[in-house]
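Chemist: So the chains spell out like this:
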Amino acid sequence: MADAADNPSPTGDNRPALALHVPEPRSRPGDPVNFSDVDIPEAGAQPRPDEGAKPEDMKDLAYGLVRVLGDDNKAHGPWDPKLDPETLRTMLGHMALTRAFDERMFRGQRQGKTSFYMKCTGEEATSISAAMALASDDMVFPSYRQQGILIARGYPLIEMINQIYSNKGDKLKGRQLPIMYSSREHSFFSISGNLATQTPQAVGWAMASAIKGDSRIAATWVGEGSTAEGDFHSACTFATVYNAPVILNVINNQWAISSFSGFAGSERTTFAARALGYGLAGLRVDGNDALACFAAQQWAANRARANQGPTLIEYFTYRAEGHSTSDDPSGYRSAQEREEWPLGDPVMRLKNHLIAIGEWDEERQEKMDLEAAELVKKTTKEAEKNGILGHGLHHPFHTMFEDVFEELPWHLKEQAEQATRERKIKWPDSHPKDGAGK
Amino acid sequence: MSAETQTADPVAETTERRINMIEAINEALDIMLERDDDVIVMGEDVGYFGGVFRCTAGLQEKHGKTRVFDTPISECGIIGVAVGMGAYGLRPVPEIQFADYIYPGLDQLISEAARLRYRSATEYIAPMTVRSPFGGGIFGGQTHSQSPESIFTHVSGLKTVIPSTPYDAKGLLISCIEDNDPVIFFEPKRIYNGPFSGFYDKPVEPWKKHKDSVVPEGYYKIPLGKARTVQEGEALTVLAYGTMVHVAEAVCREKGVYADILDLRTLVPLDIEAIEQSVRKTGRCLIVHEATRTSGFGAELSALVTERCFYHLEAPVERVTGFDTPYPHSLEWAYFPGPVRIGEAIDKILKD
Chain A
1 MADAADNPSP
11 TGDNRPALAL
21 HVPEPRSRPG
31 DPVNFSDVDI
41 PEAGAQPRPD
51 EGAKPEDMKD
61 LAYGLVRVLG
71 DDNKAHGPWD
81 PKLDPETLRT
91 MLGHMALTRA
101 FDERMFRGQR
111 QGKTSFYMKC
121 TGEEATSISA
131 AMALASDDMV
141 FPSYRQQGIL
151 IARGYPLIEM
161 INQIYSNKGD
171 KLKGRQLPIM
181 YSSREHSFFS
191 ISGNLATQTP
201 QAVGWAMASA
211 IKGDSRIAAT
221 WVGEGSTAEG
231 DFHSACTFAT
241 VYNAPVILNV
251 INNQWAISSF
261 SGFAGSERTT
271 FAARALGYGL
281 AGLRVDGNDA
291 LACFAAQQWA
301 ANRARANQGP
311 TLIEYFTYRA
321 EGHSTSDDPS
331 GYRSAQEREE
341 WPLGDPVMRL
351 KNHLIAIGEW
361 DEERQEKMDL
371 EAAELVKKTT
381 KEAEKNGILG
391 HGLHHPFHTM
401 FEDVFEELPW
411 HLKEQAEQAT
421 RERKIKWPDS
431 HPKDGAGK
Chain B
1 MSAETQTADP
11 VAETTERRIN
21 MIEAINEALD
31 IMLERDDDVI
41 VMGEDVGYFG
51 GVFRCTAGLQ
61 EKHGKTRVFD
71 TPISECGIIG
81 VAVGMGAYGL
91 RPVPEIQFAD
101 YIYPGLDQLI
111 SEAARLRYRS
121 ATEYIAPMTV
131 RSPFGGGIFG
141 GQTHSQSPES
151 IFTHVSGLKT
161 VIPSTPYDAK
171 GLLISCIEDN
181 DPVIFFEPKR
191 IYNGPFSGFY
201 DKPVEPWKKH
211 KDSVVPEGYY
221 KIPLGKARTV
231 QEGEALTVLA
241 YGTMVHVAEA
251 VCREKGVYAD
261 ILDLRTLVPL
271 DIEAIEQSVR
281 KTGRCLIVHE
291 ATRTSGFGAE
301 LSALVTERCF
311 YHLEAPVERV
321 TGFDTPYPHS
331 LEWAYFPGPV
341 RIGEAIDKIL
351 KD
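Protein sequences appear in the order of chains A and B. Anchor point for the first sequence: position 17 equals 17 in the working numbering, and the numbering is continuous, going up by one each time. Anchor point for the second sequence: position 187 equals 187 in the working numbering, and the numbering is continuous, going up by one each time.
These are computed hints drawn from the structure, not numbers from a lab. Please read all numbers here as calculations on a predicted model, not as lab measurements. Positions of the beta carbon are idealized from the N, C-alpha and C atoms, including for glycine. Take the hints with a grain of salt, since some may be wrong.
To give an idea of the chain A side of the interface with chain B (calculated C-beta under 10 Å), a few residues [claimed, not checked]:
no. : residue
1   : Lys171
2   : Gln198
3   : Val404
In silico lysine-lysine, DSS-like type, Cα no more than 30 Å apart, as pairs [as the list claims (entries may be wrong)]:
no. : chain 1 : residue 1 : chain 2 : residue 2
4   : A       : Lys212    : B       : Lys65
5   : A       : Lys54     : B       : Lys281
6   : A       : Lys212    : B       : Lys62
7   : B       : Lys62     : A       : Lys413
8   : A       : Lys212    : B       : Lys281
9   : A       : Lys413    : B       : Lys281
10  : B       : Lys221    : A       : Lys413
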């Protein structure tokens, strides 16, 4: 923070002139990258306190980095969740499928099949491994980059694609921007475009579960950029005040669109350390280490379930791709960042771990990746029978007016009639009931 | 007439129980806490203390701390956790201490509560009732007097309800709590203790002298979306809600004008049928609200009346509102849409 102000103030007094500090990322397009200032401790070196530990007694974990997978691809230390190989292979399978899905949907957007898409490349462990540590009926309040949770919970791929294509199969009736999924059946809360709003909602859900003497807990995911929103502060405050059984997951992927994490406050502290001021347990985790992600979420889930209180977990990771299909990261960051990111790739690291313990090999990996790609391709073709965006196979017009309220009030009835009239003028030959447009 | 007409019998001597609006609201909450285990009352100072206006007095002691509790001073948090509670299956009744302080919770109300049913295609709903004291006439200055109802009526997916009597306050609040849509329930704090005529230099009457303070003890509901005919008349239609119902009534009485006065009670969904029937009968329409004029709810009412009753109108629709300024402290009675402003508008409407 060396924006020293040596000059005298232009206002004429004898005090030094003040200077505004504006954060600047490590590198811009064309610059070489240097991640040497990123402190990466040895895997296994971090203590694992009891789940009932007091936040003030585990400060180091909020500033450190919980890691399990070492450079030798073996699991180390007390945070090793000691998962059986079958579970690890399942985890890897979810990651492979999520990555294949992202690739295909990104391409679908470029081909004009939908308006928008967002990948989670490089962050798969922060949703998949974390979600696998929860019970399937624990309620999750995700942001838009946790499609891995749906995949880990077995949500049908075709439903995801139908939603992305806003077609007649779309459960959300084409009302939502692509990727703003919702599945009550999978305890997956409806995604909103408004950032961080889900965080106090997750706390409220957890409070409700506690009010009713239920055993289910809530978990929410938010990007590091969105932690700057007031809602996040509300969430942390309410979570601690009521000892809500909730896990606040912060995905620190270094970038909020074009703004590096310094604009969310990362220059002087960690996001996990924010927890301490609220009296929350804070864990900072290698977000590309699937075992560490699982272990941290499991620790926090055990803590919440035992009425020991909420936890804030920062997953230190890297957004490997652009923010969305509308974004070009070459406009604001060095292209080398992704390759030089010191925590590597979560899928590769888990794969290498399975190979290192003799439970996997390259051939099986290749087969898995191929099968994932084939499954996505096949399901995409299936979904396309329900239509793609703008090709007419959408929900009937009147559905636009439904569900604003439980019952249609008079003014919406009138507007629905107007839409029907307009439709007849625009497409006089179409069938009135199919809503196909043309 | 789709509006509910109540018999206008100014009972002088009665054995019937009479309560004020605060007690009516308290009873509605008490009854709903009793009837439905999923009802939760929360907000700043609502728990142990019973609320700065006493609306929640005694409820925590009776129903327990996990049903009625104090919250941190965070309107965003209060509304946000209420959305989450609704998603779980509870029926939260959060309180915002003054409507002037609802703004930090607007994103949660507009972007979340109002749209949750729509965006999730009914997978999740927000069956919450946000109670908040609103309106001026109490020397509340800029931040204890505002009437922000038009911010909410403009939001698709929210219902906005404003009672003007103890009887209505209880019956409407019970309906709101049972309603599966998010409702903004604005309580006109000027008339918590007694109806206000707008003649601020005259002594204020307590509710116990008003017919609408006879409130049944048990459970009853007043349907949302139905206006109340305060009085029937032929001279003109007055559309009002909250405190202004009583002010308009007093001015008409003072002037000897026989107006058809409609208390709208619910702004969204609006009782358009009652409005159309009345204006078609009288041919003249006066709209009264405390809120500032430009883009206020009166503009919507005026447009609707003009669109739907144009050929029945014998005079332009008039709006009497607060001025387009922040709510002042010392000049309160110059700001408040009181008898002089209403009287002038009535004269203008009736002049030919």
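Chemist: Going straight from one Cα to the other, do Lys212(A) and Lys65(B) come out at no more than 30 Å?
Modeler: 13 Å, holds
Chemist: Below or equal to 30 Å on CA atoms is what counts here, so check Lys212(A) against Lys281(B).
Modeler: 53 Å, violated
Chemist: Is it true that the CA of Lys62(B) sits at most 30 Å from the CA of Lys413(A)?
Modeler: Violated: Lys62(B) and Lys413(A) sit about 43 Å apart, past 30 Å.
Chemist: Hold the hint about Lys171(A) up to the distance rule: shortest CB distance to chain B must be less than 10 Å.
Modeler: 6 Å, holds
Chemist: Does the structure keep Lys413(A) and Lys281(B) at a Cα separation of 30 Å or less?
Modeler: 25 Å, holds
Chemist: Is the shortest C-beta separation between Val404(A) and chain B less than 10 Å?
Modeler: 5 Å, holds
Chemist: Against chain B, is Gln198(A) within 10 Å by beta-carbon distance?
Modeler: 8 Å, holds
Chemist: Within a Cα-Cα threshold of 30 Å, do Lys212(A) and Lys62(B) meet the stated pairing?
Modeler: 18 Å, holds
Chemist: Under the criterion that the straight-line Cα-Cα distance not exceed 30 Å, is the pair Lys221(B), Lys413(A) satisfied?
Modeler: 25 Å, holds
Chemist: Taking only the CA atoms, is the gap from Lys54(A) to Lys281(B) under or equal to 30 Å?
Modeler: Measuring from Cα to Cα gives roughly 72 Å; hence the hint is violated.
This entry does not satisfy hints 5, 7, 8, going by the numbered hints stated previously.
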